[in-house]
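**Q** Using the sequences and the hints, build the whole thing.
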Amino acid sequence: MRATAHTPNVEDIKETTMLTRRTALTRSAQVALMLGGLGLLPRTALAAYPAAAFEAKNVADLMKALGAGAPVESKDVTVTAPDIAENGAVVPVGAATALPGAKRLLILVEKNPSVLSAAFDVSEFVEPSFTTRVKMGQSSNVIAVALMSDGKVLYAQKEVKVTLGGCGG
Amino acid sequence: MPDPMRIRAQAAGDKTTVRVLMSHEMETGLRKDAAGKTIPAWFIQEVTAQLNGKPVFAAEWGPSVSKNPFLQFVVKGAKAGDKIAITWRDNKGETRTDEATVS
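Chains D and C, in that order, give the protein sequences. With this note's numbering applied, the first sequence corresponds to residues 287 to 455, in that order. With this note's numbering applied, the second sequence corresponds to residues 39 to 141, in that order.
It is worth saying that the hints were derived from the structure and are not from the lab. Heads up, none of these hints are tricks.
Under the rule of at most 30 Å between Cα atoms (straight-line distance), these lysine-lysine pairs were calculated in the DSS-like manner: (1) D/444 / C/105; (2) C/114 / D/444; (3) D/343 / C/75; (4) D/361 / C/114.
Values in this document were obtained by computation on a predicted structure and should not be read as measured data.
**A** Now the structure itself:
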């Protein structure tokens with residue numbers, strides 16, 4: 287008895303296929319909705335990217351965006367930058383700290399449209415010392431900021447003169 | 039597909055200096071073209087590094103990093119022969135990974 291109940295006849299198969307088809311249609315609508323939701327996924331993944339921080343126009347706004355306190359000047363943070371940059375499009379800058387417990391190092395250009403240029407995460411596997419090249423619109427202070435794991439915010443700054451036109455002198 | 043990165047990783051003692059030169063426009067979104075239209079921003083947002091498959095370094099960049107960005111950092115505990123892989127992702131979601139051997 288039980289065996290026959292479980293053996294599907296042609297009618298049953300038809301029924302199930304139709305049902306599957308109907309469910310499939312509704313499912314595809316759901317899938318489409320889900321995909322729509324997925325379209326947002328890259329944006330959610332970007333939550334790690336501190337967009338607000340990169341839009342900050344001045345140092346105070348930046349610290350607010352990062353949820354950090356007021357920065358304190360420290361000689362244990364080093365900023366490497368030239369005195370005079372002949373080409374504002376390529377200014378080599380570096381940020382480093384001698385202190386243990388740095389969580390993040392930032393490179394800021396005070397007079398750029400957005401102050402924050404780059405943020406580097408310090409891990410136990412890398413030295414808290416990074417170098418890159420940034421664009422500078424005009425002569426400005428370049429600031430290296432170290433966000434410490436104890437919540438302290440330390441910085442060092444250096445003025446860089448930008449000779450526009452790239453003609454030197 | 040963007041051009042490959044040039045990566046050099048040199049070990050000195052237990053510290054390895056990694057230098058990367060990426061190929062990217064790094065458009066700020068502030069410049070205008072000849073017709074006066076704003077050129078949309080296009081820049082690398084995230085850079086990560088892996089040592090033998092283990093994440094060791096991460097950075098977030100804004101559009102003010104120079105065109106064809108240069109990056110230098112120091113990895114602890116890498117030996118000659120280890121693999122350093124660098125990955126970047128730009129604001130258009132494009133990504134590229136290149137690998138180099140520590141020498």
